[in-house]
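Undergrad: Here is what each chain is made of, one letter per residue.
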Amino acid sequence: MRIDATDRAIIAATQAGLPLVAEPYAALAADLGVSEDALRQRLAAMQASGIIRRIAVAPNHYALGMTANGMSVWDVEDARIADLGPRVGLLDFVSHCYERPRALPDWPYNLFAMIHGTSRDEVEKQRACIRALLGASCRGDDILYSTRILKKTGLRLRAKEG
Amino acid sequence: MNLDATDRAILNRLQEGFPIAPAPFAAVAGELGIAQDDLIARLGRMRDERIITRFGPFFDAEAMGGAFCLCAMAVPEEDFEAVAAEVNARPEVAHNYARDHRLNMWFVLATESDGEIAAVADAIEDATGCKVLRFPKLSEFFIGFRVAA
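Protein chains in written order, with our numbering: chain A, 263 to 424; chain B, 10 to 158.
Careful, some of the hints might be misleading.
Some chain B residues near chain A, calculated using beta-carbon distances under 7 Å [said to hold, decoys possible]:
1. Asn11
2. Gly26
3. Arg59
4. Ile60
5. Thr62
6. Phe64
7. Gly65
8. Asn97
9. Ala103
10. His104
11. Asn105
12. Arg108
13. Phe144
14. Leu147
Restricting the straight-line Cα-Cα distance to at most 30 Å, the calculated cross-link-like pairs of lysine-lysine (DSS-like) are [to be verified]:
15. B/Lys146 - A/Lys387
16. B/Lys146 - A/Lys413
17. A/Lys387 - A/Lys414
18. A/Lys414 - B/Lys146
19. A/Lys387 - B/Lys140
20. A/Lys414 - B/Lys140
Pulled a few chain A residues facing chain B out of the computed Cβ check, cut under 8 Å [to be verified]:
21. Thr276
22. Met328
23. Tyr360
24. Thr415
Derived by calculation from the structure, the hints in this document are not laboratory data.
The beta-carbon is built from N, C-alpha and C at its ideal position, and this holds for glycine as well.
Throw the hints in and build the complete structure from the sequences for me.
TA: This is the structure:
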């Protein structure tokens with residue numbers, strides 16, 4: 263689904279978050295010059311089509327003590343990944359889980375799972391859980407801890423109409 | 010930072026989603042058994058104290074069109090800062106992390122099309138002399154991650 267100029271205006275207007283007032287959609291609609299009903303219908307449509315994953319709070323992991331973050335990577339048998347990938351994704355300490363191509367010979371891993379804990383010890387225990395779940399279908403694994411954020415930008419909107 | 014039981018209940022509840030309704034805070038406050046004004050005041054405080062990174066719609070950039078690719082490079086330690094500057098200067102680089110591995114720089118490219126991904130990755134290889142390994146997403150095993158507050 264492509265988005266139009268109104269959707270783009272809504273995305274831009276909510277980048278900083280929803281206004282903390284009793285009727286946030288009415289306030290946003292007034293800023294955008296549309297009716298509140300129309301705005302809510304747009305938001306509901308974008309949510310139904312998956313453009314909005316959800317409207318929610320994102321807590322600061324670090325403020326809640328989740329200071330250890332690792333990208334765990336796994337070499338899973340191709341025939342088993344469609345079955346095992348969703349089971350890894352369901353683990354409550356996994357925030358993102360993707361199948362990606364290997365880059366042989368440099369990189370044998372095809373399953374990526376971001377895991378989060380309060381310490382590296384906890385993250386290593388989580389990694390052991392994934393290893394147990396994958397069992398003999400996994401031929402090797404590694405974990406890459408982030409040491410520094412070099413760049414992080416928000417959602418960049420293209421000027422062009424969709 | 011001080012979070013009481015009500016703050017934690019708010020964080021847990023609002024990670025699940027927020028209604029698209031005329032008076033959404035009143036609805037959530039009712040569920041939690043607190044006053045709407047208290048809910049709004051606590052959210053404001055947690056946002057000011059950066060316990061909340063963001064409160065609002067989360068957009069899936071891919072659902073809106075465009076191409077994305079995770080990329081990695083093995084950058085010699087002595088060149089790391091110069092290469093980071095070169096990579097970060099490109100507007101197509103959405104984020105970039107240093108990681109403790111032989112492949113020590115990991116970044117995401119975001120462009121209008123797959124063809125542009127290849128062009129930008131090739132340009133970064135030319136400019137830095139480092140091979141850019143490309144890991145486009147094949148499948149997403151998506152879950153709604155929740156932090157227990």
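Undergrad: Now tell me, hint by hint, if it's right for this structure.
TA: Here's how the hints hold up against the structure:
1. Asn11: violated (11 Å)
2. Gly26: holds (5 Å)
3. Arg59: Constraint on arginine 59 of chain B satisfied, holds at 6 Å.
4. Ile60: This interface hint holds because 5 Å falls under the 7 Å limit.
5. Thr62: holds (5 Å)
6. Phe64: holds (5 Å)
7. Gly65: holds (4 Å)
8. Asn97: Holds - the Cβ of asparagine 97 of chain B comes within 7 Å of chain A, reaching about 4 Å at its closest.
9. Ala103: Interface hint status for alanine 103 of chain B: holds (6 Å vs cutoff 7 Å).
10. His104: Nearest chain A Cβ about 5 Å off; hint holds.
11. Asn105: Since the shortest Cβ distance to chain A is 4 Å, the answer is holds.
12. Arg108: This interface hint holds because 4 Å falls under the 7 Å limit.
13. Phe144: holds (4 Å)
14. Leu147: holds (4 Å)
15. B/Lys146 - A/Lys387: Holds, because 26 Å separates the two Cα atoms, which is no more than 30 Å.
16. B/Lys146 - A/Lys413: Judged against 30 Å, a Cα distance of about 21 Å means the pair holds.
17. A/Lys387 - A/Lys414: Given pair lysine 387 of chain A, lysine 414 of chain A holds - Cα atoms ~28 Å apart, limit 30 Å.
18. A/Lys414 - B/Lys146: Distance ~19 Å between lysine 414 of chain A and lysine 146 of chain B Cα, so the pair holds.
19. A/Lys387 - B/Lys140: Outside the cut-off at roughly 33 Å; violated.
20. A/Lys414 - B/Lys140: Given pair lysine 414 of chain A, lysine 140 of chain B holds - Cα atoms ~22 Å apart, limit 30 Å.
21. Thr276: holds (5 Å)
22. Met328: This interface hint holds because 6 Å falls under the 8 Å limit.
23. Tyr360: holds (5 Å)
24. Thr415: holds (6 Å)
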